[in-house]
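Given these sequences and hints, build the entire structure.
Residue numbering for the sequence shown follows my numbering, beginning at 6 and increasing consecutively.
If you anchor each label on the Cβ, the simulated ranges turn out as follows: (1) 130 / 106: 38 to 46 Å; (2) 71 / 134: 18 to 26 Å; (3) 98 / 130: 46 to 54 Å.
In silico DSS-like cross-links for lysine-lysine, where the CA-CA straight-line distance does not exceed 30 Å: (4) 51 / 130; (5) 115 / 51; (6) 138 / 19; (7) 62 / 115; (8) 138 / 79.
Treat the hints as calculated values from the structure; they're not laboratory data.
Think of the CB as a built atom: it goes at the ideal place given N, C-alpha and C, for glycine as much as any other residue.
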Amino acid sequence: MNTNQRANQMAIQKYRKELMAMISDIKEIDERVLTKAVNVGESEVKQNTPVDTGFMKKQWYVSPTKRTANGVEKRLYNIADYASYVNYGHRIVKAQVTVGFVKGRFMLEKSVAKVNKTLETEFKKEVERVNRKHDK
6 MNTNQRANQM AIQKYRKELM AMISDIKEID ERVLTKAVNV GESEVKQNTP
56 VDTGFMKKQW YVSPTKRTAN GVEKRLYNIA DYASYVNYGH RIVKAQVTVG
106 FVKGRFMLEK SVAKVNKTLE TEFKKEVERV NRKHDK
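If you want it as structure tokens, here you go:
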């Protein structure tokens with residue numbers, strides 16, 4: 006084996022080692038970014054939730070982060086029975102006759118928009134951090 010071939014093999018091994026280190030960092034990025042974004046969404050949805058007794062506002066929960074075949078999953082949900090009626094709106098019925106409609110507050114949809122913005126900005130920050138860490 007000549008010196009040029011040996012140098013090429015060493016360079017390839019070094020590149021593989023750096024690439025494997027970057028891949029392990031990238032696997033952590035998606036969980037970290039998703040957790041941060043959904044936590045921002047949780048605070049946003051709680052701020053947008055109307056308060057009468059405060060029950061519905063206290064019922065917002067975030068599921069633990071799970072790895073799935075398609076990536077990473079985390080859910081933001083409310084367990085109050087009437088949360089969907091407040092979010093999407095509902096009819097007002099008196100004596101089996103619809104007399105009006107209450108418009109929805111769409112607090113969940115507003116927070117999803119905030120989550121999407123946060124995902125984008127946090128992902129960019131994390132990619133830049135990994136690139137700085139690996140001098141790229």
